[in-house]
Structure formats: structure tokens, C-alpha cells
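Trainee: Protein chains in written order, with my numbering: chain A, 1 to 426; chain B, 427 to 682; chain C, 683 to 1139.
Hints in this document: simulated from the structure, not taken from any laboratory.
Even glycine gets a Cβ: it sits at the ideal position worked out from N, Cα and C.
One thing to keep in mind: the hints can contain errors.
[What the hints assert, rightly or not] Straight-line alpha carbon distances no greater than 27 angstroms define the calculated DSS-like cross-link-like pairs of lysine-lysine that follow:
1. A:LYS110 x A:LYS91
2. B:LYS529 x A:LYS321
3. A:LYS304 x B:LYS491
4. A:LYS110 x A:LYS90
[Claimed, not checked] Here chain A is said to cover these stretches of chain C; the calculated rule only asks that three of the stretch's residues, wherever they fall, bring their Cβ under 8 angstroms from a Cβ of chain A:
5. 690-698
6. 709-718
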Amino acid sequence: MNSTLTQERIIALRKKRSAQDLRFKYYGFIAMCLALAVLVFLLYSIFSRGFSAFQKTTILLEINYDQEVLKLTPNSTDQEIEKGKFFKVKKNALNNVFENLSKSDAKLIKKLFSTNIDKEIKNYYIDNPSVLNTTQKLWVTAHSNVDQMLKGNSRRDVPEDRRKLNDIQLSFIDQLVEEDRIQKEFNNFFFTRADSRHPEIAGIAGSFMGSLLTLFVVFILSFPIAIGASVYLEEFAPKNKLTELIEVNISNLAAVPSIVFGLLGLGVLLNVFGFPRSTPLVGGTVLALMTLPTIIIACRASLKAVPPSIKEGALAIGATKSQAVFHHVVPLALPGTLTGTIIGLAQALGETAPLIMIGMVAFIPNIPTGITEPSASLPVQIFLWVESAERGFQEKSAAAIMIILLFLFMMNALAVYLRNRFEKKW
Amino acid sequence: MVENNNTKISAKDVDVFYSEKQALNKISMDIKEKEVTALIGPSGCGKSTFLRCINRMNDLIEICKVTGSIKVDNEEIISSSTDVVSLRSKIGMVFQKPNPFPKSIFDNVAYGPSIHGLADTKSDLENIVITSLKKAGLYNEVKDRLNEPGTSLSGGQQQRLCIARAIAVNPEIILMDEPCSALDPIATAIIEELIDELRLNYTIIIVTHSMQQAARVSQKTCFFHLGELIESGETNKIFTNPDNTKTQDYITGRFG
Amino acid sequence: MFFWSIVLILIGIYSSYIFGKSRIKKLVYSTNLKPKSQYNYHAQYVLSWCLLPALIVYFSWAVFEEQIIQNLILDSFEYVEGAAYNDGLLLAEIRNVANNTDFSEGKSQEIINAASQYKSLKLTSEISFYISIIIIMILGSLYAVRKINIQFNAQDTIEKYIKYILIFCSSIAVLTTIGIIFSLIFESFRFFSQVSIFEFLFSTEWYPFIPIREGQAAAEGSFGAVPIFAGTFLIMIVAMCVAAPIGLLTAIYLSEYASQKVRKTVKPLLEILAGIPTIVYGFFAFVTVAPFVKSFGQSIGIDASPTSALAAGLVMGVMIIPFISSLSDDVINSVPQSLREGSLGIGANKAETIKKVILPAALPGIVGAFLLAISRAIGETMIVVVAAGTAANLTANPFENVTTVTVQIVVALIGDQEFDNPRTLSAFALGLVLFVITLSLNVLALRIVKKYRERYE
């Protein structure tokens, strides 16, 4: 064979090979970019939908707090005010949104407003009793359908029978917009209210509180138990079959699907031990059992990182084993354990499935105040809103996701901070 | 110098096994009160293992098994009924690498007395801490910064802090496991001087790989080789006129 | 009850501590001997004998009180003729009336009577709780104090107690496993006493609907879980088709090609992807991906279901990308550098080294990582609950609507739970299958990875 030919073939092969090399590198690069692009796309699709939930639409309403209509006097007691005929005042105000409204139009107008406006009208009076017999201009909450239309989440160019608002209602809205009697403002309801059947007044305060209480229970249970278990396994346990069994058990428990923990909660905690259903107590207990392996693994790692010379020093001056461990080793392992605990709590904060099993999926319209009260939790609230047919809940769920992501981010940042600040290299 | 003949520690036929491997073979020796006994020998000869038998620190190693008999003040300590905690409060230990707790200088020394209930009041505790630091020759260097972390001291100071920590629980015996191996010559000299002073009140056993050090600080020397006690006796005799040729070879630097 | 019992227990442990300390001090004073252990240990000993029984009383009350009261109420309740009462609803009503007399308006006399009985039982229980907790704390402390003497080694005893507490802590994990197995097997057993196990495992009809009335022939449910397993499998396959190549290639790029800087930025970003709650992925699948899949299906002439297997599978794939990439990254990094150098040393380029040397060497570890990811995908719940269907459908077409094991568990347990109904119980049978499969996948994967690690250590 001709040697220059071979040479050429080798050069050609080499070119091909380096092209292959480059191609392979690009495959990897593209895969990585794809993964990151999905992340960006996911965050974008949530944020773009969620931002509008932080605003609500309000409509200016002229309300005449007429003494005769309300059946109130300036000296009325609180109880009398509570029974005042505010719905009549509201009705009058709604009939006068535009001049000369027909009965059917008035009905359509009524549907532009939230059912909550009775309360808003009443509360305004309770806060300012002096408005009796005056006419007040009040910004009251619009109905979710109006809200969604103005935010552009519902489209007006679809046929009338597929819209929530008909043509007449749309023309009313246009007129209100023209007269500057409709505006968007900060949605305080979203942060101060619990769940509601009406999207415009539904908020995350209830489920947020529920999540906080649940996390509290998780922390109270899992932190000390994880430290106890880790200390035992690292410092006390004899090397035998039983210890090995516990260790295998912990690592396998970490991989059990969360929904199975839900079944545990239902089958054992609720049915056998009679824990109160739908409460942060039982939810927190289930999640604590679920996050325990994570925290134990982190805690053991940081116990292992403490140099044995410290423990030896304590033992050599006659400290007992538990004194040496709890006075010297555990305090030094605490930052690492805390980091692991925070990561475990973040995991628990996002967990939904087990909570559904133990009934935290019920509709809870008030804010819980204790760990034995029925409550929702943030991810379950998102689930309920995603599943809900009302369009107005979609932006709420996206906004609730933004809140939960914000908290997860803060927790992880705290964990990283703790790790960098306190972690010692020995 | 007052000679005394009180035996403080008496070991008889001590065997130590790590799993199957024998680390010490039939060690028998007597250690006299208020003397410095040096254990010398090449690395891995078992001198540290023997030292750690005396305060039962070998208990920490699960695979380690100790048989035979060691008596401290005529009390058997190699038995399951021995109260290890009170034994260790009687026998202090200083380690190869200084290992102060990551706490303040004061707390380092105060820890022992407080867990053993040696001080009833705060001023008692302060007294103990100050006396111990003085005995360890460290007080003048640190008296203004007792609240600074013990780890901020230099290596030699840290080692003296560890000695103070050991002294604070009022031991009768101090075990030193190559206390100067991590220190520079000046710090070593200070520690050696300190050992000489401490000898008046404590029985000291020191493991060292430096024969000069053994010669300088000890009255008795024991030479270990491959898990066996080859020779023990007056330091002067061991270094000038050993009975055993192995000892001779080792101290003249032919192996080790 | 919660607040006051905490106060009571705190008072109890404080006084028992003081009691124990003064007792040993007195003994020391009268005998003039040095006690074997310090005062504090004796005091702690008395304290633990006061605290532990109190906690046992407290927790047994907390757990059993309500149940016992409920049973007593139900036993003595006179059912109104013809009224279809459900025990749970009835109890809720009684409790409401008992807690707030305003609710008693319009309620039947039976309920009002039961409510007053409930109230009085509650009161009796509360009083007897406080009495028994005080008595038990005093008895416990007295017992401990009697044992104290100069010779008593309280320190050793306390050490032992601490060890017992620690053992208890580490046994929680074991107890959890036992609890899971117990509840799954027990309820599954009840399920299989009503539904044949062969029907469950081999029949292809899944209509978990319950007869509304006794003897309603048409609505007899059927529980053949094959379509559910098939649906789970289909979604898992779709997910792995997404995650396996992207995850593995990302891992290869990051560990072999990327600069330190890229690695330092990308890895935390992937960790964000891993830390996003699954419900968020569910939202993403439902709101963004499913409509996209539907319109994509339309554009190529396939009528895609709005809850298609494809949408759920794609998003689930995204969810497990970081899982696969970080596990594979570890595996690839643990391939010894010498293998790499050997290959590069004879003039192979990077791609050849990776394909011919590193990947074959890392294969067992990568297989292990994939198995773990599959187990993760099978156990994943929220994405499929939101984005996959609920109707069992035996198909291999990813544009169609399928259901999964986890979805059926949720569907069976959401809303009314009746534990004598096979529909509710089917959740536990499915849970058992899920548990067994994910556990075996995990054990297998961990064993493979461990073997692989040992090879290079």
C-alpha cells in the first residue's frame, strides 16, 4: 500500500474523529442548555401568570348611607349596626351605577361586583360612623370575571356564549373605564385572607399559616429526634446486626414515595391513634417522619466531621460519654445539622401528596390559629386552585407558587449562609 | 532529690489485641510515684497503646481487647467493674496534637472541674482555673485574654493549655502521648521544663520518639520493640549501659 | 388542656429536681460521706422519674381520650327512626353543639342530649387527667427519692437513661417502616377479602365505582389494576425518554468538558430544578405543557387528550433531569483518573475516551442512577394528579389519557373515606404495590451502585 495514501487516510480519519469529538461536546452542551431553558421557561410561565394576582380590580361606587334605609341612628349599638340593612344601601348604589338602568341591566351590573362588597360597605361604616346620611365614593372589589377581563387573562374576542361576561356587561365595563371609575390596586386580600369560593377575595393567609404551623410541628419533632438518632448511631451504637438494620432502614426510608407516608398517616395516625384529621399536628407528624432520614443523614455527616481528638480530650479528663458528646461534639455538629434540617423543612414545605391523604385538602375558609385546628397548607392550596374550574384561580395558584418559591429560595439561602458561616474545616 | 519507692502503677502480663493482631505482648512493669517514666521505641512498637491502657482510652476503639492486669494504687483497672470516669479524673492525659476545645481558654480549663463538681462557687472555679494555668506556666501569657478561644493560642501554648486542663481535675498521674511532636524546639524546651516541675506533684508517664527528650526529662525509661517490653530501668543506665543489644542498637541509632 | 398540662409538668419537674437535690444534700450532711455521684445527677434522676410517667399519661390521654369518649357517646346514642346518620358527621354535629350552644337550634333532642353527655364526659376526663398526672408525678418522684443514697450511682443511671432515649430516637425510623408495612398490609388484606387478588393483578377492567344502594346490580365495581400499571409504566417511559439522554449528557458535559466556572453556575441552577415542589411541576404541566401537546397533536392530525400521558410524562422527565444528572455526575467522577489518562495517552480524543472507556466503566453506576430515577418517577404524585387522567385506559398511545397508581390512590382517598368500601381500601392495595416496587428498585439500585463503588476503591 502506498504510504502517502495511508497518510491521507489517517489525516481524513483524524478530521472525522475531531469532528465527532466536537459534535459530542455540543450534544452535551445542548442537553445542558435544554435543561436550563426548561427551568427558565417554567419560571417564566409561572411568573408571567402570577404577577397579575398581586393586583385586584376595584370599581368606584357611590353609596348613600341613608339613616332611613339602614334603619340605624347615630347612637346605634354595635349589635344594631351588625343587623343594619346594608344590602339595601348596596342595592340602591348598584342601581345607580349608571343612570336610567333597566331591571335586567341592573342585574347584569350586579354581577360585575364581588359578593364581598356588602361587607366592604358595612366595614366602611363601622370604621367611619360619621358618614351616616352622607353619600360616599367607595372603591369596592370587582367580580373576578371583570378582574380577569381587564387583566387580559380572559379574551373578549371569543363568541359571546363562551364568555363569562356578555356584550352588555362588556360595554358597561368600557364605560366605567372611560369614566375612570375602575382601577387596579394592590391586592391586600391575597395576603390577608384564607381560601374562598370567590377568586377575587381568596387569599393565601390561611394556607400560609397552615404551612407555618405544619413546619413548626415538623421542626419540633424531627430536629431533636434526628439529633438523638444520629448521636446514637455515630457515637453509641455497637456495630451489630441491629444497628445495621437501622441504618439500612433509614437509607431506604429516604426513598419511599411521599404518598406512602400519606397512607401511613391515614392508616395509622388517623385511624389507629385518632389524631385530629386535617390538622397541622397530623400533617406535621407525617412530614416529620418523611424528612427524618434527610436530617439524620446530614446530622451524621456533620457529627462525623468533628475530629475525634475533641471527644478524646473530654473523655481523658473524666467526662462521661454522653457529656463528651453533648458538651463538645454535638455543639460543633449543630450548624451542619441545622443546614440539613432547613433543607428537610424546605422539602416538607413543598410536599403535597401526603397532606391530601390526611385530609388537609378540605376547603378551609378561615385562618388557623393552632396545631389542632383544621387547616390547609400552601402547596395543597395551590393544588386546589389548579384543579378549580374558575379562571380567576389560575393566577392565584401561580402567585401562590411564587410565594412558595420565594420561601424555598430564602430557606436554601439561609442553609447556604449557615454552612459557609459556621462550617469549620478541621 | 528524694528517692522514693512507692509503686504507683503496676502492670502485669498486659496483652492488647486489635481484632486478631496482637499489639502488646505480656507487658509487665512497675511505675514509681512522682517520677517521670519515658516510654521509647520505634513507631508502631506499642508504647502509645500501653499508655492508653492506663486510662482505658483504648475502650474507644471497638476492636481493641485488653487482657492482663494493671493496678493503680493497688486497684485493678482492667475490669468491667472499673469506674472509667473516676479513673480518668485521677489520670490526666495530654495528647500528641494539642486538642483544646473550641471554647474560651477559661472554659477549657474550667470544664473538668465543673463536670466533676470540684467547685461549689464561681470564685472557687476561678481559683482552680488560675492555679492550674499557673502550674502549667501559662497564666502570665494569657491572664488578659481568658475569654479568647483556646484555639487562638500558639501550638506550644495550646499544649500547655491542655496540660492545665488535665491538672485542673486534680489528677495524680499525667499521661503524655508524644506531647512535643507537633511543637517547635523552643516550645518543646518550655514543655520539658514544665514536666520537670510537675514531677514534684504528679506521676508522669511520657511517650516520646525523641531519645534526647527521654534522656532529658525522665528518671526511668522503658524501651518497647514490636509490642514487647525489651528493657526498663534508670534512664542513665539505659542510655549509657543497656543490658540488651536491641536497646543498644536503638539508642545508638542503628535502627528505628 | 395543652397549655395547663405543660405548666403542670414544668412545675412538676422543677420541684422534683429541687426535692431530689435537697434530699441527697441532707443525706450527705447527716452521714458526712462523699456521695458516689454529684448532687445534680441525683436530682436529674428524680426528675426523670417525675417526667417520664407524666409524659406517658399525657400522651395516652391525648391519643385515646377523644376516641373513648366518642365510642361512649355512640354506644349510648339513640338513633332516630329512619335517619341515615353517618358516625363521623354525627360526631361532628354533637361536638359542634357541645362547643357552641348557638348551634343547638333546630337540632333533635337526641343530639342535644348527646352533646350534653359529651360535655360532661369531657369535663370528667379533664379533671381525672389533671388528678392522675399530679398523682403519677408525685409517685414517680417518691419512688426515685427512696432509691437515692450515698452509694447510689446516679450518674451511671442517668447515662443509661440518655442511652435509652437515644435508642428510642433511632428506632423511630424502624417504627415508621413497621407502621407503613403494617397499615398497607392490614388494609390491603381487607381489600383482598372483598376483591380477588387475581382480579386485581390480572384483570383489565378498573371501575372502582361503588353501588350506591344495596343490591344495585349495574354499578358493581371492578378492580383490575392492569390498566393502571400500564399507565404508570407509559408515563414513566415518556419521562425517562426525556430525562435519561438530557440528564446523562448534561452530566457528561459538566464533568468532562465544562470549565470550573460553568460547573459552579450550572450545578446550583440544576439544584433549583430539583428543589421545585412537585405541585409546581403539576401546574406547569397542566397550564403550559398540556395545551401545547394538544395543539401539537392537532397540528400533526392526532386528537390529543387534554390530560395526555405525554404532557405528564414530559414534565415528569424534566423533574428527574437533575436527579439523573447529579447521580451520574457522581458516578462519572468516581471513575479513576488513571483510566482517562490511559485512554488519552494513546491518542484517543475526549469523546472516544468518554464513549469507549468512561461510560463502560461507569455503566453499573449509571444503571443504578436510572433505576433510582425510575423509582422516583413511579412514586411521583402531584404532576400526574394534576396533569394525567383519572379514567383507567389500557393504551400505548402517549397522546391518550391514562392514569397511574398514585393518581388512583389520591382519587380513592379524596373526599369521603369509608373503610368498609373496596374503593377506599383499593388505595392501600395500590400503595402496597407501589411500596414494594419502589423499595425493590431502590434496594437493587443501591446494591449495584455499592458494588460499582467497591470496584474503584
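Trainee: Hints first: check each against the structure and report whether it holds.
Mentor: Verification of the hints:
Pair hint A:LYS110 plus A:LYS91 holds up; C-alpha atoms about 8 angstroms apart against a cutoff of 27 angstroms. Straight-line distance between C-alpha atoms of B:LYS529 and A:LYS321 comes to about 19 angstroms, which keeps the hinted pair within the 27 angstroms bound. Distance hint between A:LYS304 and B:LYS491 is fulfilled; the C-alpha atoms sit about 24 angstroms from each other, no more than 27 angstroms. The straight-line distance between the Cα atoms of A:LYS110 and A:LYS90 is roughly 10 angstroms, inside the 27 angstroms bound, and the hint therefore holds.
Counting residues of the stretch 690-698 of chain C whose C-beta lies closer than 8 angstroms to any C-beta of chain A gives 0; at least three are required, and the coverage claim is violated. Under the rule that three or more residues need a Cβ within less than 8 angstroms of chain A, the assignment of the stretch 709-718 of chain C is violated, with 0 such residues.
Hint violations for this structure: numbers 5 and 6, all remaining hints satisfied.
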